[in-house]
Structure formats: C-alpha cells, structure tokens
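The residues making up each chain are set out below.
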Amino acid sequence: MSPETRSGTKAAAAPAADVIHNIGYRNYDGPRLGRAYARRSLFSQSLRGAYGLGRSAKSKVLPMILLAVMCAPAVILVAVTITTQQEKLPVQYTRYAVLLQGVIGLFLAAQAPQSVSRDLRYKSVPLYFSRPIERVDYVVAKFAAMASALFMLTGVPLVILYIGALLAKLDFVDQTKGFAQGIVSVALLSLLFAGIGLVVAALTPRRGFGVAAVIAVLTISYGAVSTIQGIADTQGSTDVIPWLGLFSPITVIDGVQTAFLSASSSFPGGYGPSAGQGVVYVIVLLGLIAGAYGLLMRRYRKVGL
Amino acid sequence: MIAIESLSKRFPRVTALDRLSVDITPGVTGLVGANGAGKSTLIKILLGLSPATEGRAAVLGLDVATEGSAIRERVGYMPEHDCLPPDVSATEFVVHMARMSGLPPTAARERTADTLRHVGLYEERYRPIGGYSTGMKQRVKLAQALVHDPQLVLLDEPTNGLDPVGRDDMLGLIRRVHTDFGISVLVTSHLLGELERTCDHVVVIDGGKLLRSSSTSDFTQTTASLAVEVTDTDTHPDGTKALGKALADAGLAVQPMGRSSDSAYAAGHVLLVDVDGEETYDVVRDTVAGLGLGLVRMEQRRHHISEIFRDDTGDGGSASAGDGGATTGGPARPDANEKGAAHHVA
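In order, the protein sequence lines correspond to chains U and L.
So for the first sequence, our numbering puts the first residue at 9; every next one is plus one.
So for the second sequence, our numbering puts the first residue at 27; every next one is plus one.
So here's chain L without its partners, still in its complex pose:
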C-alpha cells in the first residue's frame, strides 16, 4: 500500500521526519506518535503536497514526488481540524467534494447518498452542517474522504473531540471501512487504546523516527499475564503480600501492580502473574486456597500497547538525545484514561 524509504523532511529549524523507512500493508494501520512526532507531515508528503527533503515514498505504487495528482484521485483524506462550511447541507457539500475528485455529476450524487448512509447520516443530511453535533461533523468529514471510493484513506485524528460513545462509534466505523468497504486505512492517533481495538498493524513514530512497526497482536499478545486480587484474613493481615511470596516460592514470576494511577484496581492489592501455560491457573488457585484467602478476582490481562510504547519511548528518548526528551512524557499520560476502559477486553 505505502512504501516509505529513508524519508526525511527538514524545515529550517525542525527535522520533522528523519530517515523514516516503513512499509504499510493493506488493512487498518495505526500511526502513533505524540503531537509533533511527524504524523501530519508524513500525511502531507504521502498526498504529494509537500516535497520530501530526501528519500522516496510510494503510495499504491505511485511515486509521491511525481504522481501526486494520480495518488490523490485514489486516496481519501480526512483532516484533523474542522473543515466544513456551516451554511450548506452535508449532501451538497459531499456532492461537491465528489465532483472535485473527478466523479461525474450523477455518480457524485449517488455515491454521496450511499456514503452518507454508510457513515450513519440519514435525514439530517439535508440540513445545514452548522447545526450538526461534533460526532455528525466527523461523519461528514469521513464521508467526504470515502465518497470517491478510494483504495486507501488517510484519517488524521478522527476521534478528536468526540465523547466516549462517539469515539466508539467512530472506531467501529473505521473498522468497517476496511472490513465491509474493502478500503485500507491509515489512521493517526495519540491514543493507543483506540488503535489497539481498531488496527491490524501499528506504526509508532517519535521525533520523526520509526520506533516500532508490528502487528497489533504482536504488541498485545506476546506475553499474557494474570491479574489476581485476594482478601486479607486474620492469619494473613496482608493477603496480597503473603500470596506473592507463596507464588514466588511456587516458581511463578510475580510482580505487584504498582501504578495506582492507571487502573480500576485497588492500589497494591493486585498481583500480576506471568502465565506460562494452563497449569499456572491451577497453581494460583491452589496457592490461594492453601493460604485460606478469599479470591476477589483472577483475570487474564493482555499487555496494552501503551506499556510497550512507554518502554519504547523511554529507550528512544534516551537514544535520540535532546529533542526526544520533551515528547516522551506526552503520549503516556492521555492513555491512562483509556486503560480503565480497555481492561475488560481480556
């Protein structure tokens, strides 16, 4: 779908992209990075709107430097910012945009009606956009990116400004763009929890450099762990500690879940046990029973991308001296809210 080869983009004072090489395959790909990591710059270059300082990139097999117009005919783009005039209806606006993509008038109207229905706009599409909610506006923005039936859409922060329900709707819609419509998606976000649920593949960039590119399952399923919470009893005033010790004695890798900030669990009362196989569950059950503790919860817990990202940025930040430092703190924080919601996915 997209082949990026040693791509650099330097502005007079900032290096937005630094020898970035990555291949993006069909499917839903998440492009993750903190603000200023180079995501929007990359999208501009991929649309053939901004020349790269050095390196090459091809979208759908077309060179971005020379065939920008042909690329833009087959690619849809949804900007991050608001871009809709309030005084026209969604239908008129999307029809116009369809024609700007080269669709003949009749086809433009048909495709507009279809696309607006697919993104979930019905009767309200005849009303002026000015009266729409943020969620509806985001749908119109998505519709104008899809109306010419592109082979690939670039979505820049599509969940910006949406409430949790609206965000879930939008993520579901993005997933359907690929599964039902057969259109590949490159979606940027700084919220990792979102991409985990939506994407097949995640590309992490920071400071214009590639940090990591791998499939979402690699990110989240390499190590499974088990969250265990127990009650305290008279014999064991600190049940968690006692269990931890007993499990460690039984040969399991145990660590307390330290970060109180990021979970719905009571701080210090949850143990994370690495799962080696089926027998781990039995060991945990038997140990808890042996100590006479009450088992509050025992649940499978996937690693979240955010943890890996946090580790990676830690490494990346120290590796790329200077400018990396300022950005590494950024991405970790917002997904703290995400995690609570993402936990029960396990």
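One chain only, chain U, in its complex shape:
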C-alpha cells in the first residue's frame, strides 16, 4: 500500500525483462461505444441484477426461489392436463398471473429497491451521470430492466403452459390465441408493476423501507378494492364493481384483459368491465405507466450529482 511496497514490487518486476506484465501505463485507443451502448449495459446489468446474476450467491436465492414458485403451478397444471387428458387447460393463460399476484408482488418488492435504492443509498448515481448517459437513459434503462425481469417471471410459466398444452395435443389455434393474449396481458402487467415498484423504491434510499412500501402499496390497494367489491356484490350494487377495479394495479390489469383479451374476470361475481369501461381501464393503465415514468424522471432531476 505504501509507496515503498509499490516501488518494491516494481523493482522486483523490472529485472525479469521477459515477464508478461508490462507495468507501465497503457493508453486506450480502442472504440468508445457511447451513450446507447452505455444505456444497454446499464439495462443488462440491472436485468441480471434482478435475478441476482453478477451479484453474491446470497442475492440469487430469493429471485430464483420466486421464479421456481411461479413456474411450479404451471408444471403441475400441465402434468394434470396431460395425464387426465383434459380438453383444455384448467386455468386461462390470462388468469395465471392474477392467481399468483402475491409472488409477483414479492419479487417486485425485493428487486425494485435492489435496482434503484441501492444506487441512491450508496450515492453511485452521480457516477452514472458523470458518464455519457443522461438522466433519461438511466430511467429508461432501469424501467426497462425491471419490466423485463417481471416479464420473464410472468412469461416463463405461460410458455410452460403453452408447451404443455401442445404436448397434450389441445387445439393449436385456441391455445396459440390464448397464449398470445396471456403474453400481452403480462407485458402490460410488467410495465405497470415495474413503474409502481420503481417509483416507490426510488423515494427512499433505505432498502428495507422500499421493500415494505412496495408490498404495502400492492396489498393494501388490492385488499381494499377486493373487499369493497365484495361488499358491493353482497349488497347487490354490481354496477360499481367494475369501477372500483380501477383503484388497484392488479385489478386494472384484470379489467383490461377482461374487456379486450377475452379473459374471464376475477372480480366478485365476475362483474368485469364492459368494453366501454374497458377503454377507461386502458387509459388509466397507460396513464399510470406514463405517470410512473414522469415521476422517476422528476426524482432523478433532483438526485443527479
């Protein structure tokens, strides 16, 4: 560490002229790939990071377990379908993510703070902004990475279901259509959840708060909405049920796919939104995604350097 040891190693290396190491400084005159490449690098680093890749072994445990938990029901469903020679899959493609929303929520709660709170907490953000990328690149890369991580989490089980369905020799056209609708649905879900998770997580540099806050936002909103919907259902005021669904992320997705992706609604009594209400759902969905992006941009205007 001290100058003595440094020069000592140099002196030791110098006499052996044929050693491989050239101790002198070498300039770099290779290519510099610029902003778009840096953005891609940040994206892939964040996406890998969401599954613990490139991080410690410990941080791989939770995301990998959640991915396995996400896929296990799909494998079981496929096995049941094939052995009992069902006519169709026991679960709609579009319904799968709604059923397992708890797992998705846990994944988001664990990984969104990992992605953004960490940079805030250890103040690494200025290092990013002292490089060719701009604020928009950072936000886009983080957003896209989180959405892609969620898309993998929710998409892989659908792929398992689809392959299983084809192995069970179910109707190809039906299955492909259902699978495509399911994929569109989880893509929208991934964007929405990523946005919400990142906005909440970016508010605090404390990872623990971030985890708790994301879980709170998802479960409280869903709990409140489904409870009130349940009350409305028992009291017979079924008209308000579809409107209530606008107030929690997962029910927004449920409403959109009920209206446009021929999903059967998971709302109490199956009172999903009509096509007209569905338009409102889509507007709200896109508004939430855009709003999350806008809030993140605002957040990082303050934080940068």
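Derived by calculation from the structure, the hints in this document are not laboratory data.
Do not rely on the hints blindly, as some may be mistaken.
[As the list claims (entries may be wrong)] Derived DEER-like restraints, expressed as beta-carbon distance ranges:
hint: 1; chain 1: L; residue 1: T132; chain 2: U; residue 2: L61; range: 17 to 27 Å
hint: 2; chain 1: U; residue 1: G38; chain 2: L; residue 2: D89; range: 39 to 49 Å
hint: 3; chain 1: U; residue 1: R306; chain 2: L; residue 2: T51; range: 34 to 44 Å
hint: 4; chain 1: U; residue 1: F255; chain 2: L; residue 2: D89; range: 22 to 32 Å
hint: 5; chain 1: U; residue 1: R48; chain 2: L; residue 2: R153; range: 22 to 32 Å
hint: 6; chain 1: U; residue 1: T227; chain 2: L; residue 2: H107; range: 31 to 41 Å
hint: 7; chain 1: L; residue 1: A139; chain 2: U; residue 2: K310; range: 30 to 40 Å
hint: 8; chain 1: L; residue 1: D89; chain 2: U; residue 2: G284; range: 27 to 37 Å
[Stated by the list, open to error] Chain U stretches covered by chain L per the calculated footprint, using a threshold of three residues with CB under 8 Å from any CB of chain L:
hint: 9; stretch: 44 to 53
hint: 10; stretch: 57 to 67
hint: 11; stretch: 70 to 82
hint: 12; stretch: 126 to 139
[To be verified] For lysine-lysine, the following BS3-like pairs were computed, each having C-alpha atoms within a straight-line distance of at most 25 Å:
hint: 13; chain 1: U; residue 1: K131; chain 2: U; residue 2: K68
hint: 14; chain 1: U; residue 1: K131; chain 2: U; residue 2: K66
hint: 15; chain 1: U; residue 1: K66; chain 2: L; residue 2: K163
hint: 16; chain 1: L; residue 1: K163; chain 2: U; residue 2: K131
This one's a predicted model, so the numbers in the text were calculated from it and none came from an experiment.
Glycine included, each C-beta is placed from N, C-alpha and C at the ideal position.
Could you slot chain L onto chain U? The hints should help.
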C-alpha cells in the same frame, strides 16, 4: 484544456459563481477555495450537468452547454463523497463503470485490471468493497475515474478523510496520473499544503470569484527567505533580538517570525531574513559569529501558498463586501497543521 469565460451560476438565494474567467492548461491544476467557494458547482458545470446562468465554458474544446455527453466520455470524475456499493468487488464495480463510459466488455475488463493495479489495489480487488479501508476506497474511486483513459480527470477533494500517510500516497498517485499516465488533472482541495506539492498550477477562487491563477512556482518561489535561530548568551540575554538589530544594521530586511501557532519553531526565537543573493548567507554567518551567539539553525524557507492565499483572501474579503467575510477565516486554519509538515521541503 479548460476555458472558462465570464461564467456565472446563480441559485435563487446564492451566487455560486460570479463572472469567473480562467484558462486551465494541461498538467496538474489545483482548484483552491473554502467550502462553499464554488468548486463543486464549477465541476458540475464543466461536466455539462448543470447549465450556467451566463457565460461560456469549454472542456477539451467542447462546449459544456451543448456537448456534455462528448465531454463526459473523455473526462473522468471522482466525487468528494462516498459513492461505492459495499456488496460488489472493486473489479466488478470498475468494470461496470468502464462499460458505462462506453468501453466494450473485453476492453473494460482489461482496463479495469490495469487501472486497479496502477492505483495500488492487488489481490483485495476481488473482495467486496464493504471491507475496504478509506484509503482503498479512495483508490477505487480514483480507478473508476481513470478506467476509460480520459484526457482529463476532475478530482473533488481526493484526500478527504485520509490519514497523513494515505494522503501522501494519494498525492503521489495524483502526480503520477499526470507524469506517468499523461492525463491532465484538475484537483480541488481546501488544504493548500497539498496542492503546493502536487500541482503545476494553482487557481484560487473565493465566493465564486477568481482570486488568483498562477503557477505553483510563482506562488512559492518569488521571494526566498532564511530562517535563523540563535542561542542566548550572557553578553546577549536575548540573542534573537540582538541579532535582529545587528542584521538590520547590516542592511538586511529582518522580521521576527511572529505566528507562534503555525510552526515547529520556538515562538519569538526565529528571525526571517529576506535573501537578496549569495552574500546574505555570509552576512548572517559573520554577524552571528561577531555577536558570539550559537547558531541553532539557518535554513532556506520557501513562502507557502497559504501565506499568499491568506493575504489574498484578506484583500478579496474586503473587496467583495459581505459574503466574503464569512469564508475568509476558513481556509487559513486547516493548513496550520499542514505547515509543520511542509516546512522541511525547503
């Protein structure tokens, strides 16, 4: 390297930079100022991250207002604060930062290994950063600023929090960044003694205004002086005073070294004699011998930047009424500790 032209930055309640104009040439340049003098604001503007209120600045010939991204590709930046995640190794972190600077994956890995070795991190670079000492963390921060082989690095208070040995190491490293790596350096500090040893050129700003910009040798070598300390004898109970008088009679400019706080010398027992030429030494020697005093020390003493800075801030403080006053006291104090260490440089 850097051309700053009448640059101002005003925040709603504070003027951080006030029509600052200065040119910075290749080499190691020190940017000195008290806390709040505008150093960090200037760095942000130079990186193209914060627009100037008025005026222009160019880094490596690129306009900071329009070509920030191109500037940041060729400039390295080491922040003042801690910025390292503790759960990754130095290698992983610096590789990532190299890629963020646009280096292809293979080059990023090679450059990381090279750079970490150059800043003095060896086997420990595979361990998580959380377990590093402050000195090692500072090296990692420096490495991430150098990994893309920039033409210029901006180092914000790189010696913050280091012990004296670590500080010397870091200063030596900064010097090597220029001499061995060929990278120009702009280093900020509020400790003048550091810059004196490291920099070719020193820029002093205070209250967002340029106080002085000149080469380090100008700062320190314009006037040489001689520190003389003598013993007391029975004939001359106060030898210092007697010598002072005799030297003054001999036509030399003599002053007692007054500030007891800032030196390793015994207070009131050292005379500072302005050196006019070779003959001054003879005059001093002969006078001491003539008085029959014992000569304890007679050594060349360079003026330190701090003295000039202190004088300058005094002027600057009175010139820029109001806000200057609060900051002028700041810089003088910390380098009092520095001086003791810097003395024997002469």
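Structure-based check of all given hints:
The hint said 17 to 27 Å for the Cβ distance between T132/L and L61/U, and at roughly 19 Å that hint holds. The supplied range of 39 to 49 Å is broken by G38/U and D89/L, whose beta-carbon atoms lie about 26 Å from each other. Between R306/U and T51/L the Cβ separation comes to about 40 Å, which falls inside the hinted range of 34 to 44 Å. The given range of 22 to 32 Å is broken by F255/U and D89/L, whose C-beta atoms sit roughly 49 Å from each other.
The supplied range of 22 to 32 Å is met by R48/U and R153/L, whose beta-carbon atoms lie about 29 Å from each other. T227/U and H107/L have their C-beta atoms about 36 Å apart, which keeps the hinted 31 to 41 Å range intact. Distance hint check: the CB atoms of A139/L and K310/U are about 36 Å apart, consistent with the given range 30 to 40 Å. D89/L and G284/U have their C-beta atoms about 54 Å apart, which leaves the hinted 27 to 37 Å range violated.
Beta-carbon proximity to chain L at under 8 Å applies to 5 residues in the stretch 44 to 53 of chain U; the threshold of 3 is reached and the given coverage holds. Given as covered by chain L, the stretch 57 to 67 of chain U passes the check, having 4 residues with a CB less than 8 Å from a CB of that chain where 3 are the minimum. Figure legend: the stretch 70 to 82 of chain U, annotated as covered by chain L; annotation inconsistent (0 residues with Cβ-Cβ distances under 8 Å, at least 3 required). Counting residues of the stretch 126 to 139 of chain U whose CB falls under 8 Å from any CB of chain L gives 11; the rule of at least 3 is met.
Simply put, K131/U and K68/U have alpha-carbon atoms about 23 Å apart, close enough for the 25 Å limit, and the pair holds. A hinted pair counts as satisfied when its Cα atoms are at most 25 Å apart, and K131/U with K66/U qualifies at roughly 23 Å. A distance of roughly 23 Å separates the Cα atoms of K66/U and K163/L; the hinted pair therefore holds under the 25 Å criterion. Restraint check for K163/L and K131/U: the C-alpha separation of about 14 Å stays at or below 25 Å, so the hint holds.
Of the numbered hints listed earlier, those contradicted by the structure are 2, 4, 8, 11.
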